[in-house]
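Q: Sequence:
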Amino acid sequence: MSLGITLLERLLRGLGLHKDLLTQFHITARLGESNGVTFSKDLLLLSAPVVVRGLLNFATLQMNGDWEYPYWVHMQLDPESDSFIPRAQNPLLVNVTHRSWTMVGTLKGRHEAVIDPRGLITPLPREWSVDVWLVHRQGACFPARLHGVRQYAATDHPSVRTTYETAGMEVSTETVAATTRSGRDVLFARAAVHNISDTEKQGALVISIRPFNPEGVAPITHISMPSARLIMVHGVPAVHFASAPDWVGFGTRQDGDVARDIAARGLDALQVTGRREASCEHGLAHAAAAFRFTLVPGERHIVDFSIALDDEESVRNSPPSPGSRVRFEHRKEREQARWRAELATGARFRFTEKHVQDVMDAGRLTLLQLCDGDTITPGPWLYHRFWYRDAGPMLRALDKLGFDRSVRTVLDGFPRGQRRDGYFQGPDGEWDSNGTVLVAIRDHYLLTRSNTWLRRWYPQLEDAVAWIEAVCRASGNGLPPPGLSAEHFGTADQYYWDAFWSLAGIRAFSDVARVLDKRASAERADASAARLEHAIHTSISSRDDGMIPAAPGRPFDHSAIGSVSAVYPLDLHVDGWDAPARTVRHLARAYVGPRGFYHPIIHSGHNPYLTLQVAHAQLVLGDRDEAWRTARTILDRITPPYSLPEALHPWSGGGAMGDGHHGWAAAETVLFLRDCYLREAGARLQLLAGATREMVSHADGWLFEQAPSAFGLVSLHLRHSGRRMEIELSRQSRAGVHPEAIEVFLPWQLRRAVAIPDGPAAVSHHDGGSRVVCSADVHVLVCEY
6 MSLGITLLER
16 LLRGLGLHKD
26 LLTQFHITAR
36 LGESNGVTFS
46 KDLLLLSAPV
56 VVRGLLNFAT
66 LQMNGDWEYP
76 YWVHMQLDPE
86 SDSFIPRAQN
96 PLLVNVTHRS
106 WTMVGTLKGR
116 HEAVIDPRGL
126 ITPLPREWSV
136 DVWLVHRQGA
146 CFPARLHGVR
156 QYAATDHPSV
166 RTTYETAGME
176 VSTETVAATT
186 RSGRDVLFAR
196 AAVHNISDTE
206 KQGALVISIR
216 PFNPEGVAPI
226 THISMPSARL
236 IMVHGVPAVH
246 FASAPDWVGF
256 GTRQDGDVAR
266 DIAARGLDAL
276 QVTGRREASC
286 EHGLAHAAAA
296 FRFTLVPGER
306 HIVDFSIALD
316 DEESVRNSPP
326 SPGSRVRFEH
336 RKEREQARWR
346 AELATGARFR
356 FTEKHVQDVM
366 DAGRLTLLQL
376 CDGDTITPGP
386 WLYHRFWYRD
396 AGPMLRALDK
406 LGFDRSVRTV
416 LDGFPRGQRR
426 DGYFQGPDGE
436 WDSNGTVLVA
446 IRDHYLLTRS
456 NTWLRRWYPQ
466 LEDAVAWIEA
476 VCRASGNGLP
486 PPGLSAEHFG
496 TADQYYWDAF
506 WSLAGIRAFS
516 DVARVLDKRA
526 SAERADASAA
536 RLEHAIHTSI
546 SSRDDGMIPA
556 APGRPFDHSA
566 IGSVSAVYPL
576 DLHVDGWDAP
586 ARTVRHLARA
596 YVGPRGFYHP
606 IIHSGHNPYL
616 TLQVAHAQLV
626 LGDRDEAWRT
636 ARTILDRITP
646 PYSLPEALHP
656 WSGGGAMGDG
666 HHGWAAAETV
676 LFLRDCYLRE
686 AGARLQLLAG
696 ATREMVSHAD
706 GWLFEQAPSA
716 FGLVSLHLRH
726 SGRRMEIELS
736 RQSRAGVHPE
746 AIEVFLPWQL
756 RRAVAIPDGP
766 AAVSHHDGGS
776 RVVCSADVHV
786 LVCEY
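Every position in the sequence shown, counted from 1, becomes a number in the numbering used here once 5 is added.
Take the hints with a grain of salt, since some may be wrong.
To be verified - Quick list of simulated restraints, FRET-style, between CB atoms:
| id | residue 1 | residue 2 | range |
| --- | --- | --- | --- |
| 1 | 318 | 421 | 21 to 27 angstroms |
| 2 | 753 | 784 | 20 to 26 angstroms |
| 3 | 153 | 330 | 33 to 39 angstroms |
| 4 | 782 | 698 | 25 to 31 angstroms |
| 5 | 322 | 607 | 35 to 41 angstroms |
| 6 | 457 | 770 | 43 to 49 angstroms |
| 7 | 303 | 421 | 56 to 62 angstroms |
| 8 | 153 | 188 | 37 to 43 angstroms |
| 9 | 421 | 789 | 52 to 58 angstroms |
| 10 | 330 | 420 | 40 to 46 angstroms |
| 11 | 188 | 90 | 39 to 45 angstroms |
| 12 | 188 | 277 | 39 to 45 angstroms |
Quick caveat, the hints were computed from the structure, so don't treat them as lab data.
Virtual Cβ for every residue (Gly too), placed ideally from N, Cα, C.
Can you make the complete structure from the sequences, with help from the hints?
A: Here you go:
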């Protein structure tokens, strides 16, 4: 038993718990421990803030029912809502129904802000929030309590606009992050009210600093306003206004929420400004600043403000100038130009369906925002930390979007996490990280063909393979040892996921060794891969159903989702081994419903990236229509502002688990759509293998330009004329590498095809479509149907 478990047992004994409860604790500890590996310290550190905040939420939120809370609190505590969850004796009150937010950040910025579905702004990592309220003659309007709130996001630069209509007025809040000349990242926001009625309107926009956020209570013990345009939290500059407010109010737990007085008295509450600060030992200090307006029909009133996107210590040590201007439009225009320049360096994919195009472009923005210079994180908040497992698909997506410079900067930081024994240190008990790194380095090389860079990496890769070989030898059955692996597989076990990634990693190293002309190392790696492959096949061959569960001896259930990796992204299903394909198809039939793949283990929701992995595996297997049916369960749910949580609540539709804007989900979206147009299949280049009839028949012009592939940069142009289609292909080879053939898939039956300069091309028909095989030299393909 681990030291941590022993200490926890002593604590429980000290509390005088009944012996039956101690027995239950021992059983729990055994379930979470295998081969000396217990619950990961990394996962405990990830969960600890959630647990602590959950205790604080339980003690605070339900005991102050007349306070103005974030949207999720109102929904989850409302017994009339589909999001309602009883608390009973559960001492944790955690957001598990609306973990949905959209980040706004800068290129290479370390921190982002998140915007909840009702426009609540949380500047990370500071965690308190800013809300915008409307006060008018009839009362007050709090967006967290409204239905009919609309939210939009740009897809060419990160920004979020939240808007709603009430009392003949339209209220909006727009946010954009920008990097100042001093190098600081700052969130700039504009709140606006527009008189859309035919009568004069009087009221006020209120900018309120709240001790809450989309996770719950975010304690503020001291808040003040030392100057006319600046509010400080904990003695640190917090919100900087473009102009001085007409009224300010402060409150604490003892005073009650200023929102309560505003709701009761409307504009009359905004008469006399009293104190300029508030302190609260319970962490519920807050402030509100009101900006009055009188608007004739059609007139607008604007309030601009800014917030530094950095931790308290950094802002304290380098505060903004008290006289600095808050210039929203100027900052927005400059930031748009920066993003346009960055996006122009990558590939361009064009889809005929606007929604799909927006989803693709939004996924690209998500990945670039989460690429923080020399690291990458799968989320802006709870998951704002590095894991090799999450970095793998995110970097693969960025690479295939053409942002190889950003990818290489992150990859070159990987060795910082490699131990002396060759292990790339992930959370304890997660044994897939070495395979992830080996595959990532090989795949990046295939897209860039830099032998010099690859040679620098070789010693670390050699050590990584040696570690895989050592742990497999020591396990007894030739597979990687038991561990937690991905937490959504269940308690500690000897997971095939780890085995598949280890096998793919060894094969990737063999490819690297051959590129560098290290034949002896390549042959040793081939032999090692053969041993591991034999161990995997032997372990699985005893099963009657011929499918791959999560681990040896486990029943086949939802946790087998990890076995999809044998098909996608690892392509281990070749050479006649049909168990991976059978597994994917059964998982899709049994567990993917109209809303996607529901995962009952931890996630307890419909998981976007796992669903899209199933869809991508179906695409690899040639099941195009099934792949799109699966993918649509998620793609159709990505509506403005285009952010996906890790898991979607079955009823509320909001996030049920993880970070509310998830990088891995964005990566799988991008990778699926890219491979529908362009995919490497061994030594062959496949084009349009996943394109639907609508995508091809309605397209006219470039489908993609300068898209990286293992065979160079590829561009594809379509032109329709009657029952004739001309496909123009442009390919810029890297290092003289060419595919042995190019395969073009079209979703209808062709009469014939002619390739220029080769002449007549081979056409075969299948599933109502056609496959045309050309040489690598083809420039134009003329198809008649």
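Q: Each hint: holds or not?
A: Going down the list of hints, with the structure as the test:
1. 318 x 421: 21 to 27 angstroms: At roughly 23 angstroms between Cβ atoms, residue 421 and residue 318 fall inside 21 to 27 angstroms, so the hint holds.
2. 753 x 784: 20 to 26 angstroms: Since residue 753 and residue 784 have Cβ atoms about 23 angstroms apart, the given range 20 to 26 angstroms holds.
3. 153 x 330: 33 to 39 angstroms: The hinted range 33 to 39 angstroms holds for residue 153 and residue 330, with Cβ atoms some 35 angstroms apart.
4. 782 x 698: 25 to 31 angstroms: holds (28 angstroms)
5. 322 x 607: 35 to 41 angstroms: holds (39 angstroms)
6. 457 x 770: 43 to 49 angstroms: For residue 770 against residue 457, whose Cβ atoms are near 46 angstroms apart, the range 43 to 49 angstroms holds.
7. 303 x 421: 56 to 62 angstroms: The hinted range 56 to 62 angstroms holds for residue 303 and residue 421, with Cβ atoms some 58 angstroms apart.
8. 153 x 188: 37 to 43 angstroms: holds (40 angstroms)
9. 421 x 789: 52 to 58 angstroms: holds (57 angstroms)
10. 330 x 420: 40 to 46 angstroms: Given about 44 angstroms between the Cβ atoms, the range holds.
11. 188 x 90: 39 to 45 angstroms: Because 43 angstroms falls inside the window, the suggested range holds.
12. 188 x 277: 39 to 45 angstroms: Between residue 188 and residue 277, where Cβ atoms are some 41 angstroms apart, the hint holds.
Of the numbered hints listed earlier, not one is contradicted by the structure.
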